[in-house]
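A.B. asks: Please put together the full structure from these sequences, using the hints given.
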Amino acid sequence: MSNNEIHEEIQKEREQAREACDINGATSPECAAAWDVVEELQAEASHKAKEPEQTSFEKYCSDNPEAVECRIYED
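Residue numbers (the numbering used here): 2 to 76.
This list has only true hints and no planted wrong ones.
The calculated lysine to any residue pairs, modelled on SDA-like cross-linking and capped at a C-alpha distance of 25 Å, are:
| hint | residue 1 | residue 2 |
| --- | --- | --- |
| 1 | LYS13 | GLU45 |
| 2 | LYS49 | ILE7 |
| 3 | LYS49 | ASN4 |
| 4 | LYS49 | VAL39 |
| 5 | LYS49 | GLU59 |
| 6 | LYS49 | ALA18 |
| 7 | LYS51 | GLU14 |
| 8 | LYS60 | TYR74 |
| 9 | LYS13 | CYS32 |
| 10 | LYS13 | VAL38 |
| 11 | LYS13 | GLN43 |
| 12 | LYS60 | SER3 |
| 13 | LYS51 | ASP37 |
| 14 | LYS49 | TRP36 |
| 15 | LYS51 | ARG15 |
| 16 | LYS60 | GLU75 |
| 17 | LYS49 | PRO66 |
| 18 | LYS49 | GLU14 |
| 19 | LYS13 | VAL39 |
Computed spacing ranges between beta-carbons, pair by pair:
| hint | residue 1 | residue 2 | range |
| --- | --- | --- | --- |
| 20 | PRO66 | SER29 | 48 to 54 Å |
| 21 | ASN5 | ILE73 | 29 to 35 Å |
| 22 | ASP64 | GLU41 | 26 to 32 Å |
| 23 | PRO30 | PHE58 | 46 to 52 Å |
| 24 | CYS71 | HIS8 | 28 to 34 Å |
| 25 | ALA33 | LYS13 | 16 to 22 Å |
| 26 | ALA50 | ARG72 | 29 to 35 Å |
| 27 | ALA50 | TYR74 | 32 to 38 Å |
| 28 | GLN17 | ARG72 | 44 to 50 Å |
| 29 | ALA44 | GLU67 | 34 to 40 Å |
Calculated from the structure, these hints are not laboratory results. For each residue, glycine too, the CB sits at the ideal point set by N, CA and C.
C.D. replies: In structure tokens form, the structure reads like this:
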């Protein structure tokens, strides 16, 4: 899931959480569960932001591990 997709999903889940809280009450289990989903998505977005972006070469090697230039030799 890309960062843009995660942020779109967060927005969608926030709206659903607000709706769940409006319908069931701010102290309801449904409201709490809906906000838990939002928190989990925010944590995922934060974790993804900390991951370094792959270079073009790294992407190439992950797609083509058998390529000669991607071989790793160990002593």
